[in-house]
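Quick mapping for you: the protein sequence lines, in order, are chains A and B.
The numbering of the first sequence is my numbering, which starts it at 1 and goes up by one.
The numbering of the second sequence is my numbering, which starts it at 1 and goes up by one.
Don't read these hints as lab results, they were simulated from the structure.
Since no wrong hints were added, every one of them can be taken at face value.
Which residues of chain B face chain A? A partial, calculated answer using Cβ under 8 Å: (1) Gln30; (2) Ser33; (3) Ile34; (4) Ile35; (5) Gly229; (6) Thr233; (7) Gly295; (8) Ile296; (9) Asn317; (10) Phe318; (11) Ile325; (12) His347.
Cross-link-like lysine to aspartate or glutamate pairs, in silico, EDC-like; alpha carbons within 16 Å at most: (13) A/Lys83 x A/Glu44; (14) A/Lys87 x B/Glu293; (15) B/Lys349 x A/Asp69; (16) B/Lys352 x A/Glu44; (17) B/Lys18 x A/Asp35; (18) B/Lys349 x A/Glu45; (19) B/Lys349 x A/Glu44.
Restraint-style ranges between C-beta atoms, simulated for each label pair: (20) B/Asn216 x A/Ala90: 29 to 39 Å; (21) A/Glu80 x B/Asn281: 53 to 63 Å; (22) B/Leu322 x A/Ala66: 14 to 24 Å; (23) A/Asn94 x B/Asp203: 39 to 49 Å; (24) B/Asn357 x A/Ala90: 27 to 37 Å; (25) A/Asp35 x B/Leu215: 18 to 28 Å; (26) B/Glu293 x A/Ala90: 14 to 24 Å; (27) B/Lys120 x A/Thr110: 51 to 61 Å; (28) A/Lys83 x B/Ser333: 38 to 48 Å; (29) B/Val356 x A/Lys83: 25 to 35 Å; (30) B/Gly16 x A/Ala66: 12 to 22 Å; (31) A/Ala66 x B/Val356: 23 to 33 Å.
The C-beta atom is built at its ideal place from N, Cα and C for all residues, glycine as well.
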Amino acid sequence: MAHKIVEGLLYTESDEWVRVEGEIAIVGITDYAQDKLGDIVYIEEAVQGNKVVKEDKVATIESVKAASDINAPVSGEIVEVNKSVVKDPAIVNNDPYSKGWLFKIKIDNTEEIKDLLNAKGYEEYRKE
Amino acid sequence: MDLKRTPLYEEHKKLGAKLVTFHDWEMPLQYTSIIEEHLNVRNNVGIFDVSHMGEIEIHGKDAVNFADYLVTNSIKESKIGRVKYTPMCYPDGGEVDDLFVYKLGEDFILLVVNASNYDKDLDWVIKNKGLFNVRIDCKSYDWGEVAIQGPKAEQFLIRYFEGPKALDKLGYFQSMYGRLFGKEILVSRTGYTGEDGFEVYSDNDSIVYIWQEALNEGREFNIKPAGLGARDTLRFEVGYWLYGNDIDQRTNPIEAGQGFAVKFEKGDFIGKEALLKAQENINRKLVGLHIHEGGIPRHGAIIFKGDKNAGFVTSGNFCPTLNSINAMAYVESAYTIPETELTVFLHNKLNKCMVVNLPFVEPRAGKKKI
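If we strip away everything but chain A, and leave its shape as in the complex, we get:
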């Protein structure tokens, strides 16, 4: 089954997606990541107000079969977390790119965005 990759988003090699809106980065996991995990049943959310450095582990997602760390794609401050996915983690399976977003980071250094993959780059990376 082909996994959905959304144009206009940026991606990490650890399967997070990032939507940049001004100085805010909205972060979630990709369709590939949710499918690989299977039924998601628990999310330990990022902590609002925490300062994070790029590639820090900021949240944990657990499915029936496995646990997966979610890393910060960029450095900055966690300014908002999605409470509704903590209550109903299956949202991440059903709608990973929209309602299933996990947290928002106020970006410290916009230069870091350049290190992220675009949709085509992520598609190529996942094909390998």
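Let chain A serve as the given structure and place chain B on it in line with the hints.
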């Protein structure tokens, strides 16, 4: 080494199953979603490919006595057709495996063992044959097996079964020969889900036909294939042991809560002395834990009482029926009373949990009056 495949491998691929490696076998983990498949077994009926299970036949005049020497449960008191769940132990009381023993004749015993332990079990059985007058046949690759499990299993299968009696007259942990969809089978009212249901054995070609027919004919009962993922969450909810997780060569049946399947009065059997001693001195017990926070503790997670190590998790998972996270764990005897507050080390911190009785979900299997 090439992975082993069951006769149903092509069917799994056709159904779009996610395949995984399970102890040298390439098996379906899930077809759609573990939780969906789990709930369909609890509410309707599911079909599992369990052809990877190992079958060892014991034939001969001493078949029953030999089986009674190998396993802890009592076989000789059984009538023909009876199935027993039992541990099989080493002399020190540790478990070689847990298995089903089918008494198919006074001179014919069938052992159905875990796929992961098949080679080890076969060696163990052969090694202990001694002077018993028996012939040991390894038939695992000649048998296919499906498990059809769920509250609607009986009303579905009864229409397609022909045998010495109707399927609704077959008692819990009883077996008989017959035909299903016209194919010769051995069927037992047994399973690993906690639901009422059947396990069906047939030759490799017939099992494919039975699988296909079951999925076609079972539509009105909402039959769905279920993978190893659901098999694990279903067994976990009802507190059934998984060898390699909850029991192994370092655990004994007494502490694992399998004392009901250890019959000291039946005569000599391997591990008897060690288990008698174990009964006198129980240091730890397998208990249930409600996990209040922190995620899912998996096999090996450490349990604490205050700052003192109090045990370890053997299995942990989300329970779809309860919508909560629970674990099975060996805990020091002093802390096994329900509602005891403990902590479990998980994701680099201690998280609160509480001792509860097993099982988490009361099995419905065996509750029906036959």
